[in-house]
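K.L.:
FYI, the working numbering numbers position 270 of the sequence shown as 270, with every residue one higher than the one before it.
If you're looking for bench data, these hints aren't it; they were derived computationally from the structure.
It is possible that some hints are incorrect.
Computed cross-link-like contacts, DSSO-like style, restricted to lysine-lysine with a CA-CA straight-line distance of at most 30 Å [said to hold, decoys possible]:
#1 117 with 374
#2 214 with 439
#3 117 with 160
#4 216 with 284
#5 644 with 666
#6 160 with 374
#7 374 with 156
#8 117 with 156
#9 97 with 156
#10 156 with 395
#11 214 with 395
#12 160 with 395
#13 439 with 216
#14 367 with 156
#15 97 with 374
#16 367 with 478
#17 160 with 97
#18 367 with 160
#19 367 with 117
#20 666 with 478
#21 97 with 367
#22 214 with 284
#23 117 with 97
Label pairs and their in silico Cβ distance ranges [what the hints assert, rightly or not]:
#24 354 with 507: 37 to 45 Å
#25 453 with 116: 29 to 37 Å
#26 453 with 393: 55 to 63 Å
#27 343 with 393: 41 to 49 Å
#28 217 with 430: 23 to 31 Å
#29 237 with 393: 40 to 48 Å
#30 657 with 583: 46 to 54 Å
#31 608 with 687: 46 to 54 Å
#32 479 with 673: 19 to 27 Å
#33 302 with 158: 48 to 56 Å
#34 657 with 687: 17 to 25 Å
#35 673 with 476: 25 to 33 Å
#36 657 with 692: 18 to 26 Å
Idealized CB from N, CA, C, for every residue including glycine.
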Amino acid sequence: MSRVVSLSPVRDSLPFYNRREAEAEFETTSRAAAAAACTSSSTTLGQLLKCVGDVRKEAVGDETPVHQVLDMSDDAAAEPRTIPFVLAFSHLTYSVKSRRRAAVFRPRAADDLPGAKIILDDISGEARDGEIMAVMGASGSGKSTLIDALANRMAKESLKGSITLNGEQLESRLLKVISAYVMQDDLLFPMLTVEETLMFAAEFRLPRTLSRSKKKLRVEALIDQLGLRGAAGTVIGDEGHRGVSGGERRRVSIGTDIIHDPILLFLDEPTSGLDSTSAFMVVKVLQRIARSGSIVIMSIHQPSSRIMSLLDRMIFLSRGKTVFNGAPANLPLFFSDFGQSIPDNENRTEFALDLIRELEGSAGGTKSLVEFNKSWQTTFINRGGFENSSNLSLKEAISASISRGKLVSGAAAAGGGGGAPMVPTFANPIWTELAVLSKRSFMNSRRMPELFGVRLAAVVVTGFILATMFWRLDDSPKGVQERLGFFAFAMSTTFYTCADALPVFLQERYIFMRETAYNAYRRSSYVLSHSLVSIPALVFLSLAFAAITFWAVGLDGSFLFYFLIILASFWAGSSFVTFLSGVVPHVMLGYVIVVAILAYFLLFSGFFINRDRIPPYWIWFHYISLVKYPYEAVLQNEFADPVKCFVRGVQIFDGTPLAAVPAAMKVRLLDSMSGTLGMRITATTCVTTGADILRQQSVDDLSKWNCLWVTVAWGFFFRALFFVALLIGSKNKRR
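Using the sequences provided together with the hints, build the complete structure.
P.N.:
What follows is the structure in structure tokens.
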């Protein structure tokens with residue numbers, strides 16, 4: 001305490017500007033020792049980040065940097081930037097194979113031959129932190145393709161050219177962590193509020209070293225930054241639920257991707273579908289993000305004059321070629337030198353786009369404008385129109401950004417060992433991701449109870465119909481046949497009712513792809529969470545169906561096993577439908593496939609035709625039938641009692657033409673048969689037991705418990721296939 005008192009008069013006696021200089025000098029001196037160890041050329045980035053964390057820990061007692069809330073004032077925006085990033089791209093070329101179909105009865109022309117359609121043709125430029133680069137052009141000019149190319153959303157073999165950050169090639173893993181991509185569509189959960197949506201994004205993207213209170217502060221600061229304070233408690237909404245406005249929804253989409261304060265931010269037409277005021281507010285938010293030290297690159301169709309005033313660099317494309325690249329202020333000079341002066345009272349971008357469209361419709365196209373742009377760019381660079389590239393290496397720039405609070409997800413690496421990677425691939429361990437995903441799924445399910453209600457109603461109605469149709473079955477030969485029919489229909493019904501789960505992932509598919517494209521969480525975490533969340537609902541559905549049918553139908557055997565095999569059937573069916581949802585692109589196509597395959601499973605289950613009667617070339621389908629194993633399990637549970645009799649004496653004539661003869665005649669027939677067979681058969685003699693029925697149905701290769709485990713294993717197998725489908729089908733890259 002005494003040391004603080006002795007220092008304060010000296011500091012307070014300084015003028016304000018001298019005090020600022022003294023504080024800066026003091027901070028520099030306090031870090032000198034640590035900096036000396038980090039300046040050698042052999043220092044790895046992990047060691048450099050460690051040094052940054054150590055210095056911060058000495059200064060503030062916390063090696064995890066707290067995100068700095070942006071200063072919204074114009075003075076803050078005018079401060080010079082000292083940690084520049086430069087994203088440079090040169091000679092980007094991208095083409096796709098095209099094949100035109102020749103008309104019937106027409107000679108094949110040259111245009112019908114296979115060829116390549118060029119989408120990007122030798123595109124070059126650069127973007128800097130603190131600036132917004134806008135990519136413009138008519139529809140089909142290649143705007144979105146260029147954004148995808150810069151964001152590493154294309155296969156390496158498809159894209160030619162180079163993309164560097166501060167002169168260094170970007171690895172795919174690093175780019176996923178330091179960047180964010182905002183799609184054109186707002187992919188959000190409709191029943192979550194704005195604050196909940198951003199908080200879940202914070203749980204995914206911010207490291208677990210940050211406490212929940214700090215994550216909450218980050219979300220609150222972001223809500224203020226995005227101008228969403230008034231809508232923080234409002235649900236996102238969709239066609240059936242009223243929620244936030246279109247502009248607010250777009251800003252929430254941006255917020256979910258910038259929660260970790262990325263260095264690179266890519267946006268595909270963020271103003272599409274918005275009115276002029278909402279579009280201006282969105283771009284104003286992007287300007288604030290850029291001023292905080294990020295590179296913002298977006299495609300935009302036709303900005304207003306107000307939005308134009310917020311842009312720093314522009315690239316005009318025409319059929320994949322660059323027709324202008326520079327600052328908006330240079331547009332009048334550019335077109336004036338081209339011989340097409342922009343009138344004073346006309347919007348510059350509208351004039352440029354109209355001229356480009358006019359040239360595209362002419363005989364020579366935009367070739368003259370493309371060639372003029374190349375010569376004009378060379379002349380403009382010689383005049384000193386562009387700044388020099390950044391003098392900081394990528395390692396130095398990223399570590400310095402982390403030290404001042406940028407790239408919050410990289411803060412955890414700052415305190416790691418010397419061999420730590422530049423930034424972690426995932427911000428959180430798998431168990432944290434699992435907990436957050438499960439919590440979000442339960443919250444969505446609780447706010448949309450109609451989805452579970454429909455499944456429960458289907459199970460209850462089906463169980464009620466079966467219970468009343470097969471009410472209190474007896475143990476006669478007809479009762480045996482009716483029990484077999486009940487089991488076959490009941491087991492297949494459990495699989496058919498699982499088809500209601502088909503739209504669940506199809507509705508979340510693009511949200512999942514957006515979140516996993518930049519490593520918000522692992523795909524394995526999503527599969528595990530999806531499986532765990534489904535189990536409570538399956539238990540409830542199974543218990544409801546088993547309780548409704550078991551006693552009403554008059555079944556024998558163990559109720560517990562009956563419940564378990566129904567639960568296993570629901571689990572296998574749900575997993576099968578989940579796997580299909582990861583493969584098929586549309587709900588209706590998925591329903592057709594589910595219904596068809598489940599019908600084949602029932603056909604080969606052994607109910608319509610016994611296993612020993614199935615042709616050899618179809619026997620493999622019998623063993624992969626999902627209905628076979630639960631069907632055989634319930635049969636064994638029902639007919640496993642060796643004492644219980646199902647056919648006695650004269651009942652052997654039931655179902656035959658002799659069923660109509662008098663009872664006395666049946667007894668005499670039994671006496672005659674007894675003499676022939678050498679054994680006494682009376683009207684009460686047990687002729688068929690449960691074991692005999694199982695042999696007749698060819699149910700003798702697996703025990704009921706083995707059938708249960710096989711059914712459960714099918715569920716895990718299809719969950720594994722679902723994971724493989726996500727790995728293969730969710731790379732989200734163009735070919």
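K.L.:
Any of the earlier hints contradicted here, and which numbers?
P.N.:
16, 25, 31, 33, 35
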